[in-house]
Amino acid sequence: MVPEVHVTTAAAHGPPRVGHTGGMLDGTRTAPHDGPATAAAAPARAFRPDVEGLRAVAVGLVVLFHAGVAALPGGFVGVDVFFVLSGFLITGLLVEELARTGTISIRGFYARRVRRLLPLAVLVLAVTALVSWAVVPPVDHPRVGGDVLAAALYAANWRFAGTSTEYMGADVDKSPVLHFWSLGVEEQFYVVWPLLLLLATGALLVRRRRARGPLPRAAVVRRAAVALALVGGASFAASVVLSPTTGGWAYYGLHTRAWELAVGGGLALALAAPGPLSRLPRPAAVLLGWAGVAAVVASAVLIDGSTAFPGSAALGPVLGTAALVAAGAGVGGAAVRGSASRVLSHPVPRYVGRISYAWYLWHWPFLVLGRQLGTERGWDPALVVVAAVVLSFAASALSNVLVEEPARRSRWLSLRPVRSLAAGALLTAAGVAAALVLGPARGPVEVPDQLAEQVPQVQGDVEAPAQAPAVPVLTPEQARADTERPPDCFVSYSGTRPPAECVFGDPEGTVDVAMIGDSHAMHWYPALDALARERGWRLHMWAKTACPSIDVRVWVDKYATEYDACGVWREGVLQQLEQGPRMDLLLVARSMGYVRATLGEGDEVLPGDAVGAAWQEAAERTLPRLGAVADRVLVVRDNPWAPEDVPTCLSARDPADWEGCSFDRETGTYLDEDLAVAERTAARRTGAPLGFLDMTDVLCPGARCPVVADNGVIMYVDNSHFTDTFSRSLTTELGRRIDLALRNDPLPAGGEGAGG
1 MVPEVHVTTA
11 AAHGPPRVGH
21 TGGMLDGTRT
31 APHDGPATAA
41 AAPARAFRPD
51 VEGLRAVAVG
61 LVVLFHAGVA
71 ALPGGFVGVD
81 VFFVLSGFLI
91 TGLLVEELAR
101 TGTISIRGFY
111 ARRVRRLLPL
121 AVLVLAVTAL
131 VSWAVVPPVD
141 HPRVGGDVLA
151 AALYAANWRF
161 AGTSTEYMGA
171 DVDKSPVLHF
181 WSLGVEEQFY
191 VVWPLLLLLA
201 TGALLVRRRR
211 ARGPLPRAAV
221 VRRAAVALAL
231 VGGASFAASV
241 VLSPTTGGWA
251 YYGLHTRAWE
261 LAVGGGLALA
271 LAAPGPLSRL
281 PRPAAVLLGW
291 AGVAAVVASA
301 VLIDGSTAFP
311 GSAALGPVLG
321 TAALVAAGAG
331 VGGAAVRGSA
341 SRVLSHPVPR
351 YVGRISYAWY
361 LWHWPFLVLG
371 RQLGTERGWD
381 PALVVVAAVV
391 LSFAASALSN
401 VLVEEPARRS
411 RWLSLRPVRS
421 LAAGALLTAA
431 GVAAALVLGP
441 ARGPVEVPDQ
451 LAEQVPQVQG
461 DVEAPAQAPA
471 VPVLTPEQAR
481 ADTERPPDCF
491 VSYSGTRPPA
501 ECVFGDPEGT
511 VDVAMIGDSH
521 AMHWYPALDA
531 LARERGWRLH
541 MWAKTACPSI
551 DVRVWVDKYA
561 TEYDACGVWR
571 EGVLQQLEQG
581 PRMDLLLVAR
591 SMGYVRATLG
601 EGDEVLPGDA
611 VGAAWQEAAE
621 RTLPRLGAVA
631 DRVLVVRDNP
641 WAPEDVPTCL
651 SARDPADWEG
661 CSFDRETGTY
671 LDEDLAVAER
681 TAARRTGAPL
691 GFLDMTDVLC
701 PGARCPVVAD
711 NGVIMYVDNS
721 HFTDTFSRSL
731 TTELGRRIDL
741 ALRNDPLPAG
751 GEGAGG
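Once you know that position 531 of the sequence shown is 531 in UniProt numbering, the rest is easy, because the numbers rise by one and skip nothing.
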């Protein structure tokens, strides 16, 4: 077996701990028995207490952000700090091993990753699964089980990348294992990077295939630098291009995050070789260190959930972290008074940094499940958050001592890499078993053909409902999953660039119809797409989470910031409409939620009685532009809202008792009246060709609004969005209501040659 790197100081010893995003430098001082080689086999690296303290800053930013501290809307950049630190340590270790031995022990490398990462991670997954089984509503068990399964298989980032761009993407933050996405990024990087280094130095290895031994360090560094430049450059370019348009795929993807680890790796190479960074004068190093602090903190304050991230916005925390690490080398760690490194080397941040992996793993399940339990029992939300942060810190300190350190230092495991690898396989199996506690993840729901029958057409404004079904024909779990959407044409919060080709229905049709708006536009997609195919219409559709088509400034409460990305997306959609064919009909749909989320000129969220005036002013700006691209414009009145999550309510009852989840028509309908009045007034003042499409009497035909349709289909995915199956069941009635709204001039079928 090729001897493994075994240095005498902990900063160079083992793999990084994984924090919010993965890698964290090991801050302990004693050797973890990573392999049988002697300490004399490699030069020692100086212990970096400032880097250990930097880990505390990073995890602190993440915890405070997740706790809802409004002053840190970009606290998630702590993730990027950890990525840089991980790339810095791992690259340094691998290049050192290559130069010393002429190869990399892949088995040894993965064995160390197993000992460092998996024992505590699997413990957290198991505990989270068990607590979720007791706390999370049964209807959501399959979703959480799927999340735990993805985390156990090191693919959580791709799981959340997919779900964040789907219809219910706004709720991805409800997963108690969401934070495992960063471990997925790092673990995938760990698989690829050692192999790329071996490939990059292949020519050197071929020359030494008969007698392995030390390689020229300078040559190894040069070839590693080339590999890093290629990987990092391609990843950064992908991040800049994809972040504004692909949302979760860019945020969670290895392809858009690898450059951050590459920056850390490049820093390790720069400090390992003679050069400006390795000879940085101390006064310059002090200034560089504080500049790095400023960059990281400013990023946490100025970046928010509406920023297209990572992209170029991630340069702030990434380069700030690199500056701090480089400056620490220039000032000798904590040696210089007044330096940032001196402050970071204080015992308090060093201790927090030492347990930061454990705190990162524990804090998010405590917060998510604590909030869930607190909501059910009426606990004070602020106290729940404080208790979750404190208790997760205590759990971190305890599990660091009882699980993390013993596993990492186990001499029995480290003596033979195969033992660690076998332990890794067993731990992975245990994580999979934990997921099965919650039940298997479900794919897209399969709906029986007979459920395509239409709901009865309703004549008149209000009519008593027909005979209610005895039990729903969909389960609450199926209803929750019944939300397939075109991902590129419906984006979550970070997306800003609408694609040009968002054409559905009949692509060869001669009548052009468009639907724009937010998620309450997109839940009409199944019905409108079916209607367009039936009538031969080309359907153009763009929608974005919580983003109205009216030109108002919107506040995003979940990110505590103005929704800047919405304005960029809205303008992009209008430009697509202006550049494309003239629309025969333009449908505009929006939630009533803007009654509580419209910003005034003073950057304040307007009270309800002031929203109408602001909405009217914005509509007067927007409606003429909409009228210029379409012959007719219809605003779709918002649908009834249930007072609670419908699948959750149904899952807690006997199926025959589903009517107990229905709600009063008086309190649940026409919640967008202030917006509609403002739009009508604006249309009169501007002469815009505006009408209204109102389906309320179909959706709520009596004094109580049902949550299960007459054909037995559950109507809602949550408390306000339709299931796909219910939406499709409205196809015929939607077409009739569109014709009624257009009165004497209905849209022809595409085959009749009209429109276009």
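If you are wondering where the hints come from, they were derived from the structure by calculation, not from laboratory data.
The reader is advised that the hints may include incorrect statements.
[Unchecked claim] Here are the in silico distance ranges between beta carbons for each label pair:
hint, residue 1, residue 2, range
1, 602, 192, 47 to 53 Å
2, 381, 219, 16 to 22 Å
3, 173, 301, 48 to 54 Å
4, 133, 508, 47 to 53 Å
5, 508, 579, 32 to 38 Å
6, 106, 279, 47 to 53 Å
Beta carbons are placed, not taken as given, at the ideal position from N, Cα and C, and that holds for glycine.
Each hint, compared with the structure:
A hinted range of 47 to 53 Å for the beta carbons of residue 602 and residue 192 is consistent with their spacing of about 50 Å. Remark: the range hint 16 to 22 Å for residue 381 to residue 219 is contradicted by a beta-carbon distance near 58 Å. Hint check: residue 173 to residue 301, Cβ distance near 21 Å, so the stated range 48 to 54 Å is violated. The hint said 47 to 53 Å for the Cβ distance between residue 133 and residue 508, and at roughly 51 Å that hint holds.
Distance hint check for residue 508 and residue 579: the Cβ-Cβ separation is about 21 Å, which falls outside the suggested range of 32 to 38 Å. For the pair residue 106 and residue 279, the beta carbons lie near 35 Å from each other, so the given range of 47 to 53 Å is not met.
Violated hints, listed in ascending order, are 2, 3, 5 and 6; each of the other numbered hints is respected by the structure.
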